[in-house]
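Peer 1: In order, the protein sequences belong to chains A and B. Going from the first sequence to the working numbering is simple: count from 1 and add 140. Going from the second sequence to the working numbering is simple: count from 1 and add 140.
By construction, these hints were calculated from the structure, which means they are not laboratory data. Worth double-checking, as some hints may not be accurate.
No copy is singled out in the list; a pair is fine if it fits within one copy or between any two copies.
Unchecked claim - List of simulated lysine to aspartate or glutamate pairs, EDC-like, C-alpha gap at most 20 Å: (1) Lys197 - Glu187; (2) Lys186 - Asp198; (3) Lys282 - Glu187; (4) Lys298 - Glu551; (5) Lys531 - Glu462; (6) Lys321 - Glu403; (7) Lys245 - Glu546; (8) Lys186 - Glu379; (9) Lys531 - Glu296; (10) Lys281 - Glu257; (11) Lys171 - Asp201.
There are 2 protein chains.
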Amino acid sequence: MLAEIITIGDEILIGQIVDTNSAFISKELNKIGVQVYQITSIQDDKEHILQALKDAKDHADLVLVTGGLGPTKDDITKHTFCEFFGDTLVQDSETLQNIKDIFLKYLQRDPLPANLEQAMVPSSAIILKNAHGTAPGMWMKKDKTVFVSMPGVPYEMKYMLTNEVLPRVIREFNRPHIYHKTLLTYGMGESSIAKRIEQFENDLPGDIKLAYLPSLGRVRLRLSAKGTDREKIRNRVNEHMSVLYDLLTDIAVGYEEETTIQERISAILERKGYSLSLAESCTGGAIAHEITTIPGASKYFKGSITPYETQQKINILGVPAELVEKHSVVSAQVAEAMANCCRKLFNSDIAVATTGIAGPTKGDGQAEVGTVFIGIATPKGTRVEEYKFGKPRERVIAKTTNKVFELLLKEISKN
Amino acid sequence: MLAEIITIGDEILIGQIVDTNSAFISKELNKIGVQVYQITSIQDDKEHILQALKDAKDHADLVLVTGGLGPTKDDITKHTFCEFFGDTLVQDSETLQNIKDIFLKYLQRDPLPANLEQAMVPSSAIILKNAHGTAPGMWMKKDKTVFVSMPGVPYEMKYMLTNEVLPRVIREFNRPHIYHKTLLTYGMGESSIAKRIEQFENDLPGDIKLAYLPSLGRVRLRLSAKGTDREKIRNRVNEHMSVLYDLLTDIAVGYEEETTIQERISAILERKGYSLSLAESCTGGAIAHEITTIPGASKYFKGSITPYETQQKINILGVPAELVEKHSVVSAQVAEAMANCCRKLFNSDIAVATTGIAGPTKGDGQAEVGTVFIGIATPKGTRVEEYKFGKPRERVIAKTTNKVFELLLKEISKN
């Protein structure tokens, strides 16, 4: 079966926000065997919405729409759905109660008329409860196509999709199984990988698809298959993946299935009982932020310091001033000292330090923009790696962050 | 004139990556008066790409396509363009040289045949140079519609769009001016705002559009207009915006035009010569990361500490153990002490501290999930605010981060 996602909102089309809803919905649909045929972002405009609904009906069994359900005048999805389905609005008592409850609980006041108007819904719609907001979702059918309308606020949409929409899709549609497995590789470009696995790629059977996903400093290789027998397609993908892995052992760092590299690091640290601390200069908190976003980080993460000013590396972290003087603040020696001092300061098993020039400008007598040193201190010793990450600033920060996760995973995966 | 953006890649439709290219392109087009009619994300599939190109031709003057230009077999955009335009591939000597140069400079080796194949381009295409990668862009025309193909790698695309595509669009198309102005408000819901400004909204002339953009703890209000006279539409929007501002002075924190709240904070700190440090517990580095992403942060940002483990708040930051013992680590007293200790430790003018329970679980005897204290220490004294940010984890972190920027902006904007 095929699905289409339609996200409504002028703010998407003028680039004021990035549409993250579509990726979330696609991922969740994929897990239950629903293939997304197309994602379309359109304006808060009645004619445009009607056209998009009509087009989607031609090629999708399921159309998921987000946005345009707010209490203000620029939100017109509900009225447009009414027109598309030739329906009229009626009051839904459960939704009305939900709105009153939410106002009482979170805002300690009565809803305004505009909020109460959100309880008016198309008479033929099945109402989907919004546990975290006042706009209800709608499930409606036209001929053989199901149309679902959800709020655009990511937090409200996610809850509604997970708890209301997906269980209903599972019940009402026959779906094949889709299985993806993704191998993470670091340190080799996609064309070199393609050359090395050319024979493998040529020999792949038609029902197994290979995709290359290059990003800063790493390439992900995804094998996918679709079929009715869940076990069979899993086995077929896994079989071919293990051949692929063998061809790339020197650059592979593991699989990414449901878990990210950060989650894998988190799981290993917790299992082995290792504690971690960070001294982030050029990454400025980016690594700590990613680590602490994972629930349970407090079990192994002791903390971090961003000694942005050179003096703070000396005062707080304890890097010897002579070392900074002699080698400059962006140097292998200072990265090594930062990692060692950080490990001691936080009393952690492992410490990672970054120092580099993110740019756009470099200080006097410093290394060129994009130069980064990463130090990793463990009970067994301290190693330092040097990189040239080019430009611009965000890219240097992102590449350094990715590289730290790569080095850290390799380090903690050792026996 | 109208534009359509088509992003190609299975990885988008299975939710493996979030499409950030579209937002960037939309924003840039908007600045030069090009309205984006629709954004469509489709699979790496020839028939689907052909259909999307055909559909886009019906309603757009300019179609910008990203993705599918890599050197591997799953990249089929170029061949599909050839089919759509009835064209054949020829070798472009400048592109060939660019590929060789890039390999020599960044990889210190010769390109592979698959890389050299990237120099084959449709014979009627105007070639757009890729300064940061091997895949060239293409500019082609069919009847009255211009089709542009760019790489999907955000970094390569951004450079090509800015340096090759936009200047050409400006030269070749007549465009109206589009002007948006966005007011940032904090602390009031969109329906309450709508009620307060009901009369204003009803009185708005038809050519000025108002949009509400609610997100965690804040609502942005955007006024937009389009026209041929640049000064006139700016003045009209500014006139209405000043009326709107007067209606919302108690919750408005300023305008967001080209700049984000982080950039505004950055500019004020630099202008006033204030230095800043952070002690981030529950936000775990998120605030430092956002601040250090802005170029020039080293001029005012002394550094930060994430004392994730309670003991580190005592050992490194210097919060008295008795205070933690008496009030618990998530308390107004500890937030205050963290801010004061941080200010002292980093010797900064201003220090901000966060402590809270991001969840999903809470420690023994601690406050409920979502409780957050924010402390701000300045030469004039220290204030602490308490918030209940609910769930889930990422939302608590994001809401706290937004709130810190709001408080900080207000604090440093005082005389």
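Peer 1: Work down the list of hints and note, for each, if the structure agrees.
Peer 2: Against the structure, the hints:
1. Lys197 - Glu187: both (15 Å within a copy, 18 Å between copies)
2. Lys186 - Asp198: both (19 Å within a copy, 19 Å between copies)
3. Lys282 - Glu187: within (18 Å within a copy, 26 Å between copies)
4. Lys298 - Glu551: For Lys298 and Glu551, neither the intra-copy (35 Å) nor the inter-copy (35 Å) Cα distance is at most 20 Å.
5. Lys531 - Glu462: neither (30 Å within a copy, 48 Å between copies)
6. Lys321 - Glu403: For Lys321 and Glu403, the Cα distance is within 20 Å only inside one copy (16 Å; across copies 40 Å).
7. Lys245 - Glu546: neither (45 Å within a copy, 24 Å between copies)
8. Lys186 - Glu379: neither (50 Å within a copy, 28 Å between copies)
9. Lys531 - Glu296: between (37 Å within a copy, 12 Å between copies)
10. Lys281 - Glu257: For Lys281 and Glu257, neither the intra-copy (23 Å) nor the inter-copy (48 Å) Cα distance is at most 20 Å.
11. Lys171 - Asp201: Within. Shortest intra-copy distance 17 Å satisfies the 20 Å Cα cut-off; inter-copy 38 Å does not.
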